[in-house]
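Here the structure of chain A is known, so what remains is to put chain B in place on it, guided by the hints.
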Amino acid sequence: MALWLAVCLPALPLQLAARAIRCAGPLAITEGPRERPLIAFCNDPARAAGIAPAMKLAAAQALARTLAVVPRTPDHERDALHELACWAYQFSAQVTIRPPTLLRSYGGQASPSSSGLVLETGGSERLFGGRSELHRRIRRGLGSLGYRAAFGYAATPGAAWLIGTARASGLPARDAQAGGQLQSALAPLPLTMLEWDVDTTRTLHALGLNTIGQVLGLPRDAFARRFGAHRLDQLDRALGLQPDPQPAFSPPARFAARIELPADVTQSAQLMFPAHRLLRSLEGFLRGHDAGAAELIFTAHHNPRGVRTITATRIALALAAPERDAGRLAKLLAERLTRVSLPEPAVELSLTVERLAPFQALNASLLPPSQDSVRDGLDWLQLAETLHARLGSERVFQLQAVDDHRPEHAIRIAPLAAERSGPRAPIRLAPALQRPLLILAAPQPLAQQHELPDYRGELALIAGPERIEVGWWDFGDPHRPTVHRDYFVARNQRGQTLWIYRELKQPRGWFLHGFFC
Amino acid sequence: MRAATHPIPLLRAADPAAVSGVWHADDPALAATAAECAPTGFEILDAELPGGGWPQGQLIELLHDDPGIGELSLLAPALAAQTRAGRACVWILPCEYGSCERGLQADDLLQQALPYPPALTEAGIDPSCSIFVRPAVAREAWWAVEQSLRAAHLGALIGWLPTSSAPADFRALRRLHLLAQRHRALVFVIRPSRCTDAPSPAALRLQLTCDRGPQSQKLAVKILKRRGRPLIEPVALQVHSGSWDRNAASLAAPTSSAVKPWQLAAALAGAGAGC
Chain A
0 MALWLAVCLP ALPLQLAARA IRCAGPLAIT EGPRERPLIA FCNDPARAAG IAPAMKLAAA
60 QALARTLAVV PRTPDHERDA LHELACWAYQ FSAQVTIRPP TLLRSYGGQA SPSSSGLVLE
120 TGGSERLFGG RSELHRRIRR GLGSLGYRAA FGYAATPGAA WLIGTARASG LPARDAQAGG
180 QLQSALAPLP LTMLEWDVDT TRTLHALGLN TIGQVLGLPR DAFARRFGAH RLDQLDRALG
240 LQPDPQPAFS PPARFAARIE LPADVTQSAQ LMFPAHRLLR SLEGFLRGHD AGAAELIFTA
300 HHNPRGVRTI TATRIALALA APERDAGRLA KLLAERLTRV SLPEPAVELS LTVERLAPFQ
360 ALNASLLPPS QDSVRDGLDW LQLAETLHAR LGSERVFQLQ AVDDHRPEHA IRIAPLAAER
420 SGPRAPIRLA PALQRPLLIL AAPQPLAQQH ELPDYRGELA LIAGPERIEV GWWDFGDPHR
480 PTVHRDYFVA RNQRGQTLWI YRELKQPRGW FLHGFFC
Chain B
0 MRAATHPIPL LRAADPAAVS GVWHADDPAL AATAAECAPT GFEILDAELP GGGWPQGQLI
60 ELLHDDPGIG ELSLLAPALA AQTRAGRACV WILPCEYGSC ERGLQADDLL QQALPYPPAL
120 TEAGIDPSCS IFVRPAVARE AWWAVEQSLR AAHLGALIGW LPTSSAPADF RALRRLHLLA
180 QRHRALVFVI RPSRCTDAPS PAALRLQLTC DRGPQSQKLA VKILKRRGRP LIEPVALQVH
240 SGSWDRNAAS LAAPTSSAVK PWQLAAALAG AGAGC
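In order, the protein sequences belong to chains A and B.
Numbering follows numbering that gives the first Met the number 0, in which position 459 of the first sequence is assigned residue number 458; successive positions increment by one, without gaps.
Numbering follows numbering that gives the first Met the number 0, in which position 214 of the second sequence is assigned residue number 213; successive positions increment by one, without gaps.
Chain A extracted, bound-state conformation (with noise of 0.2 Å):
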């Protein structure tokens, strides 16, 4: 059986506003002509302040002194609204948008201009273990994401939108998760939940009509003559009468969110708290594709300073294998952070991903972990890119042999691999070959002293000659030379063991390679 939730975001402007930090002060929403400003929304200090809706920006002012006064922005409420619909579309197929409706009066009643989002979790509930489970699940995420919501349930999402948006006005409402209770459900709520024009409220208020029940009872006919069938329709879609097919919302195929930062950010570190407000939106869009994400690329948007605009800071981070555990990539971001430096106040962080990896998840194990557990794959990841955040590429590495006779062409710097090149057969030295331990990356020229190399002290050559004498096929090419050298193994009076060789070439020097450690 279809069953609709609503998720109703009361006052979505202030709530964005304040997401991006712990606890604010007060705070308000301007709407309206940029000379004369008005308050459209207030969090609770303000109020207690003294400060309300509809009330001038000068007069709030004066008010509360630290009042923060952020502008609304339709567009960032719509890609917020967006953004979330992608986070929830890891719980159902099918989600709606109800945008932010701009309209509204000032100075009459005010109408509850709610947004949010319509899903259908009837079939999508046993998957995660029960209503009561997934109700939990979707309201810890939304409070993981800095939201308050209310929520609606219902047999149709007309219904379930309207008894959301009651609740979130702070009228009681009941559920009416059976088709029959619809009817019962709907008929106490106030007119004004419809968000009918102001013109026939006014009017239905005037007749004495106050609830939805009151005007369900008159006769259809005439009430569609009046006030226009298509509002009859729309009480008929709430109650099940006629179908009411919803768009269905895609997620697209990239990541993009935002948050806004109300306070100037300076330190990198400040950026954390917002990071993981959209880590763990992340998360939920990456359910819901199925996939991991293998590079995240925060970016710091500073304000510009008069005309000149200043660059974003970009925070790349790449990982080594797709990954979308929000705590995970968190503990990844904080010390990839260390790094970053801001060179002017950050104004607004986003998050974006381009591509999309398929993703595995790593089994937990059911057993506590203990010290022989082969929870190998998953720590070393963890370690590997870990180190790898802070210290960069150049630092953190992995080294592989290669088929080459030219002992410095014999080993590959790697970037950190998700797996372990496993399949490829060692490459092996011939058993009479002997090789250092540790090699230098430049050979390094040694002292000479009567055609005898000098290191630390006269050497003794004690095995060798090995003729190393290859590369002409790379011939031209500056970074791999041809070698003509003669190997020794030698050893000094303090006991160092060496790998020195002799160029074949005038003029014949000895150079360190390695040491046999």
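Certain hints may be false.
Label pairs and their computed distance ranges (CB to CB) [to be verified]:
{"id": "1", "chain 1": "B", "residue 1": "T195", "chain 2": "A", "residue 2": "W471", "range": "44 to 52 Å"}
{"id": "2", "chain 1": "B", "residue 1": "S240", "chain 2": "A", "residue 2": "H449", "range": "24 to 32 Å"}
{"id": "3", "chain 1": "A", "residue 1": "P480", "chain 2": "B", "residue 2": "A197", "range": "55 to 63 Å"}
SDA-like, lysine to any residue: derived pairs with alpha carbons at most 25 Å apart [to be verified]:
{"id": "4", "chain 1": "B", "residue 1": "K221", "chain 2": "B", "residue 2": "R149"}
{"id": "5", "chain 1": "B", "residue 1": "K221", "chain 2": "A", "residue 2": "R493"}
{"id": "6", "chain 1": "A", "residue 1": "K330", "chain 2": "B", "residue 2": "A135"}
{"id": "7", "chain 1": "B", "residue 1": "K221", "chain 2": "A", "residue 2": "Q492"}
{"id": "8", "chain 1": "B", "residue 1": "K221", "chain 2": "A", "residue 2": "R455"}
{"id": "9", "chain 1": "A", "residue 1": "K330", "chain 2": "B", "residue 2": "H182"}
{"id": "10", "chain 1": "A", "residue 1": "K330", "chain 2": "B", "residue 2": "A137"}
{"id": "11", "chain 1": "A", "residue 1": "K330", "chain 2": "B", "residue 2": "W142"}
{"id": "12", "chain 1": "A", "residue 1": "K330", "chain 2": "A", "residue 2": "A413"}
{"id": "13", "chain 1": "A", "residue 1": "K330", "chain 2": "B", "residue 2": "R181"}
{"id": "14", "chain 1": "A", "residue 1": "K330", "chain 2": "B", "residue 2": "L178"}
{"id": "15", "chain 1": "B", "residue 1": "K221", "chain 2": "A", "residue 2": "R354"}
{"id": "16", "chain 1": "A", "residue 1": "K330", "chain 2": "B", "residue 2": "K221"}
{"id": "17", "chain 1": "A", "residue 1": "K330", "chain 2": "A", "residue 2": "R354"}
{"id": "18", "chain 1": "A", "residue 1": "K330", "chain 2": "B", "residue 2": "F169"}
{"id": "19", "chain 1": "A", "residue 1": "K330", "chain 2": "B", "residue 2": "Q146"}
{"id": "20", "chain 1": "A", "residue 1": "K330", "chain 2": "B", "residue 2": "Q180"}
{"id": "21", "chain 1": "A", "residue 1": "K330", "chain 2": "B", "residue 2": "A171"}
{"id": "22", "chain 1": "B", "residue 1": "K221", "chain 2": "A", "residue 2": "L445"}
{"id": "23", "chain 1": "A", "residue 1": "K330", "chain 2": "B", "residue 2": "R149"}
{"id": "24", "chain 1": "A", "residue 1": "K330", "chain 2": "B", "residue 2": "E145"}
{"id": "25", "chain 1": "A", "residue 1": "K504", "chain 2": "A", "residue 2": "L445"}
Since the hints were made in silico from the structure, they are not lab data.
The structure displayed is predicted, hence computed values, not measured ones.
All C-beta atoms in this analysis are idealised placements derived from N, C-alpha and C, irrespective of residue type, glycine included.
This is chain B only, laid out in the frame that chain A set:
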């Protein structure tokens, strides 16, 4: 003074069974109860180490000045066993810029030295199981060691640690020692031998020098600190290929008819230049 030293020989003379409740400091088996141990691969050394091998989950300090005396070959059998078991190794290589104050030529060279995968494979150490870290400065090296020790499943860690003042080093090492005790990894730290006299929290401290005998060269492992009674005599180990030592001996012997190596080299070089 004399009276105070008397009871010890008395106890030692007594039958161990008669004083079973008394802990004998010179009993290696008793001293080893604190930690599990991994065999070193050298029987002579195993016999001298409490518990018969490298203690797991303890800091092991190797002090030496001369790279190339066989310090990694000493660790190789234990590392090979770890990689065979599928556990990861982390190598914290010497700092790139951090050790200017050391002032030793060898260390400057070590800053650009890399473990050589063909030789690692030959020693049984799978390089694909290893992560290599080349820190830029001392702070990064300590951080990387600490992070590695926080990972739950680490097989072995080899760190060339930077040195500063003795008290600062002690504090940092103490921290690592406590972290190392949380799991069973082998934690080797390599430090210059001038740190010999500095205090250290490591459970096992070894000083590595070279023991040049008449026939062969061995690695002399002097145990500076171990659980149990101290060991005065260093342990001599053959860590390098034995054939080199025969070569060296034959070259050193005056009756040898072998071509002198430099003459050989010159001859070869002449041939090489001619063609």
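Going through the hints against the structure:
1. T195/B to W471/A: 44 to 52 Å: holds, 50 Å
2. S240/B to H449/A: 24 to 32 Å: About 28 Å separates the Cβ atoms of S240/B and H449/A, which means 24 to 32 Å holds.
3. P480/A to A197/B: 55 to 63 Å: Given range 55 to 63 Å: violated, Cβ gap about 45 Å.
4. K221/B to R149/B: Violated - the C-alpha atoms of R149/B and K221/B are around 30 Å apart, more than 25 Å.
5. K221/B to R493/A: holds, 16 Å
6. K330/A to A135/B: Distance ~22 Å between K330/A and A135/B Cα, so the pair holds.
7. K221/B to Q492/A: holds, 19 Å
8. K221/B to R455/A: Holds. K221/B to R455/A sits at ~23 Å (cutoff 25 Å).
9. K330/A to H182/B: holds, 22 Å
10. K330/A to A137/B: Within the cut-off at roughly 23 Å; holds.
11. K330/A to W142/B: Roughly 15 Å between the alpha carbons, so the hint for K330/A and W142/B holds.
12. K330/A to A413/A: Judged against 25 Å, a Cα distance of about 24 Å means the pair holds.
13. K330/A to R181/B: With a Cα-Cα distance of about 21 Å, the restraint between K330/A and R181/B holds, given a limit of 25 Å.
14. K330/A to L178/B: holds, 19 Å
15. K221/B to R354/A: Outside the cut-off at roughly 56 Å; violated.
16. K330/A to K221/B: The hint is violated at about 42 Å.
17. K330/A to R354/A: Status holds; Cα separation ~21 Å.
18. K330/A to F169/B: Judged against 25 Å, a Cα distance of about 29 Å means the pair is violated.
19. K330/A to Q146/B: holds, 12 Å
20. K330/A to Q180/B: holds, 24 Å
21. K330/A to A171/B: Holds, because 23 Å separates the two Cα atoms, which is no more than 25 Å.
22. K221/B to L445/A: violated, 31 Å
23. K330/A to R149/B: Cα-Cα ~13 Å, so holds.
24. K330/A to E145/B: Measuring from Cα to Cα gives roughly 15 Å; hence the hint holds.
25. K504/A to L445/A: holds, 16 Å
The structure fails hints 3, 4, 15, 16, 18 and 22 (numbered hints given earlier, in ascending order).
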